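Q: Each chain, written out:
There are 2 protein chains.
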Amino acid sequence: MKKIAVFMLSFFALISSYAQENTFPEGTKPASSNIAGAQYPRIDNERKAYFRIEAPAADSISVSLGNVALTKDAKGVWTGVTKPLDPGFHYYTLKINGVNVNDPFSETFYGASRVMSGIEVPEDGVDFYEIKNVPHGKIESHWYLAESTGETRLAYVYTPPGYDNNSTERYPVLYLQHGMGEDRRAWANQGRTNFILDNLIAEGKAKPMIIVMEDGGIAQAFNSPKRPQDKNFWDGFEDIMIKDLIPNIDANYRTLRHPKHRAIAGLSLGGTQTYQISQANLDTFSGIGIFSAPFGFPGVETGYNGLLTKPDEFAKKVDVFYVSMGSKEGARAGRGTHEALEKASIKHVYYEAPGTAHEFQTWRKSLHGFAQLLFQD
Amino acid sequence: MKKIAVFMLSFFALISSYAQENTFPEGTKPASSNIAGAQYPRIDNERKAYFRIEAPAADSISVSLGNVALTKDAKGVWTGVTKPLDPGFHYYTLKINGVNVNDPFSETFYGASRVMSGIEVPEDGVDFYEIKNVPHGKIESHWYLAESTGETRLAYVYTPPGYDNNSTERYPVLYLQHGMGEDRRAWANQGRTNFILDNLIAEGKAKPMIIVMEDGGIAQAFNSPKRPQDKNFWDGFEDIMIKDLIPNIDANYRTLRHPKHRAIAGLSLGGTQTYQISQANLDTFSGIGIFSAPFGFPGVETGYNGLLTKPDEFAKKVDVFYVSMGSKEGARAGRGTHEALEKASIKHVYYEAPGTAHEFQTWRKSLHGFAQLLFQD
Numbered sequence: 161m162k163k164i165a166v167f168m169l170s171f172f173a174l175i176s177s178y179a180q181e182n183t184f185p186e187g188t189k190p191a192s193s194n195i196a197g198a199q200y201p202r203i204d205n206e207r208k209a210y211f212r213i214e215a216p217a218a219d220s221i222s223v224s225l226g227n228v229a230l231t232k233d234a235k236g237v238w239t240g241v242t243k244p245l246d247p248g249f250h251y252y253t254l255k256i257n258g259v260n261v262n263d264p265f266s267e268t269f270y271g272a273s274r275v276m277s278g279i280e281v282p283e284d285g286v287d288f289y290e291i292k293n294v295p296h297g298k299i300e301s302h303w304y305l306a307e308s309t310g311e312t313r314l315a316y317v318y319t320p321p322g323y324d325n326n327s328t329e330r331y332p333v334l335y336l337q338h339g340m341g342e343d344r345r346a347w348a349n350q351g352r353t354n355f356i357l358d359n360l361i362a363e364g365k366a367k368p369m370i371i372v373m374e375d376g377g378i379a380q381a382f383n384s385p386k387r388p389q390d391k392n393f394w395d396g397f398e399d400i401m402i403k404d405l406i407p408n409i410d411a412n413y414r415t416l417r418h419p420k421h422r423a424i425a426g427l428s429l430g431g432t433q434t435y436q437i438s439q440a441n442l443d444t445f446s447g448i449g450i451f452s453a454p455f456g457f458p459g460v461e462t463g464y465n466g467l468l469t470k471p472d473e474f475a476k477k478v479d480v481f482y483v484s485m486g487s488k489e490g491a492r493a494g495r496g497t498h499e500a501l502e503k504a505s506i507k508h509v510y511y512e513a514p515g516t517a518h519e520f521q522t523w524r525k526s527l528h529g530f531a532q533l534l535f536q537d
Numbered sequence: 161m162k163k164i165a166v167f168m169l170s171f172f173a174l175i176s177s178y179a180q181e182n183t184f185p186e187g188t189k190p191a192s193s194n195i196a197g198a199q200y201p202r203i204d205n206e207r208k209a210y211f212r213i214e215a216p217a218a219d220s221i222s223v224s225l226g227n228v229a230l231t232k233d234a235k236g237v238w239t240g241v242t243k244p245l246d247p248g249f250h251y252y253t254l255k256i257n258g259v260n261v262n263d264p265f266s267e268t269f270y271g272a273s274r275v276m277s278g279i280e281v282p283e284d285g286v287d288f289y290e291i292k293n294v295p296h297g298k299i300e301s302h303w304y305l306a307e308s309t310g311e312t313r314l315a316y317v318y319t320p321p322g323y324d325n326n327s328t329e330r331y332p333v334l335y336l337q338h339g340m341g342e343d344r345r346a347w348a349n350q351g352r353t354n355f356i357l358d359n360l361i362a363e364g365k366a367k368p369m370i371i372v373m374e375d376g377g378i379a380q381a382f383n384s385p386k387r388p389q390d391k392n393f394w395d396g397f398e399d400i401m402i403k404d405l406i407p408n409i410d411a412n413y414r415t416l417r418h419p420k421h422r423a424i425a426g427l428s429l430g431g432t433q434t435y436q437i438s439q440a441n442l443d444t445f446s447g448i449g450i451f452s453a454p455f456g457f458p459g460v461e462t463g464y465n466g467l468l469t470k471p472d473e474f475a476k477k478v479d480v481f482y483v484s485m486g487s488k489e490g491a492r493a494g495r496g497t498h499e500a501l502e503k504a505s506i507k508h509v510y511y512e513a514p515g516t517a518h519e520f521q522t523w524r525k526s527l528h529g530f531a532q533l534l535f536q537d
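Those protein sequence lines, which keep their order, are chains A and B. Using the numbering used here, read the first sequence as starting at 161 and increasing by one per residue. Using the numbering used here, read the second sequence as starting at 161 and increasing by one per residue.
Keep in mind that the hints were calculated from the coordinates and are not lab data. Computed from a predicted model, the values in this text were never measured in an experiment. Incorrect hints may have been included.
Just so you know, same-sequence chains aren't split out, so a pair can sit in one copy or run between any two.
30 Å max Cα-Cα, derived DSS-like pairs, lysine-lysine [as the list claims (entries may be wrong)]: (1) K189 to K386; (2) K235 to K386; (3) K488 to K243; (4) K298 to K232; (5) K477 to K365.
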């Protein structure tokens, strides 16, 4: 007990040093991504983030959001302000004497093959991913035995509002993949998948659907000698999805078991996986979403078993082909693909998120758009 | 894209420095609580933990597990080994140049009013909380409107294996509370509640039950000027549980809605809350579990509306009264209460977890014991 008490006390002292400062920069508010009660980091109306860290013995502290060096006052308190940040969610770290670490006052999020701090920057007039007073679906941890590998695996499954109360209705399913260095937690946490769908369903803008989020095997990609360009950058995920995950979800959830009612989408390298899995399995999926994927477009000539040269046949198989990127990304992440598809007269939808980069605000908006198009037949 | 690429590259470099060291201290394995692929921290057969961090520009690094100072070699790599640790889960932090931060290579866990690193130390012959090849229940995020406060709140709800496939069976419910500085995530993550119950149910040792984990309002306690001894240390949680949470769970899950089929338990300050809520609501709960709670025992004379002076009447109301602590804790955390109850001839079960302190191994074992006693009528 005594050891615990001392240990706890030291944190109390650390955290209370925040509470002692009662005046804050004008017009700033704590980021919603802070741990409960933490006053910093704060964000102002221009989307600049303010940091404050008490660390008398540190020689240098910087914040990865624009690589801002904090400055130290006579009392050993480090402060600094970023440039205006893009709206939405940003992973970040602090560098303290050269070591990349999390901000003790931020919630943490799995990204870039490690647990990182994250900061939520509000976007004026945009609230489609906020929690509202509408019926809420659930995200549940679904543990299942993957027969093909013998391992017990975890999927996060969103079930829409009313799923539990209505024991006969069946639902379409979207399989939704994270990016490189992330795992199944990405769409569930920083992606806000459940709130995006809850809100769309409440407004009647999306069909109630089940969304399955699994681990695409690229969670530790930054720690791997393989690169995305390499063949077999990830191992076996297509098999897991087609042979294990989909049959298991169909057996354990009230799904509509027909390709018309099944879609797949992914962000970044999860978009690359989506290309790979969807073109090999057009008898499984009829909705395809590619969000900010610079790698993997199979090319009009050879892609999708040659169907990209036959627009009518492709359109018969694929109800929704959705390509998106953030306007601050290079064309290769989406616009290039869109132009190639346009030229080949392939029916598709292209979306460019205004003013955001290769980050979750782009992908939240992509999911928001894509979900409204799905399962309309 | 370019900014992201540079940003990602720097992490790749950081993490790959681990991968480059191919020889590890003999008999050590990476901790299961590490992020995917991280080789450190490692644990040996004597339960000592080995740390290795590359940080040429740092002047001091220590690990809170026994306050072990790491030492720096000529290449700027810091290493160190702890004394043998108690088995189970331990929160910890690194102190880098005086700043308490998380270990970049550990998963994070909410505790002590902040996000912390955690290390899982195996216990010989103990696997009741490991994931096994048995039917698995789910933990789901249940968002609900708490009418009494007007806020949308989140409960984590464990449903046992088979809950979804059997649409008529009703289940008893355990309300399970975390400790000071933790929140609803504690039992779901570091507590391993779902695996403990999955395994017990598979062995036929516990009745299938629903377990509800909410936020007791003490998540930011370390950041509060109030102390546990103060009245109203937390505000309104009893009201939320009795007026909002229980009716909502009864309305949305297939529960058995009778005090015989409802229990409450908590660890540390959650045990204090359990005392408070259970004694004021003996018409709501018939099972009570107090794990490592040094505060809040109401005393034999006045507690539970005087029923602790009337053992027969108390036993009629309360089917299971379970008190526990770790053998390394002070008597006040449980043994003292047990002795007082014994003296008063109050029927109860006392358990002391061997060789552990005020930590999750004690509470996992407490839940494991308590759950087997519940709902046996």
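Q: Work down the list of hints and note, for each, if the structure agrees.
A: Against the structure, the hints come out as follows:
{"no.": "1", "hint": "K189 to K386", "in the structure": "between (42 Å within a copy, 24 Å between copies)"}
{"no.": "2", "hint": "K235 to K386", "in the structure": "between (47 Å within a copy, 26 Å between copies)"}
{"no.": "3", "hint": "K488 to K243", "in the structure": "within (16 Å within a copy, 51 Å between copies)"}
{"no.": "4", "hint": "K298 to K232", "in the structure": "neither (45 Å within a copy, 48 Å between copies)"}
{"no.": "5", "hint": "K477 to K365", "in the structure": "within (24 Å within a copy, 51 Å between copies)"}
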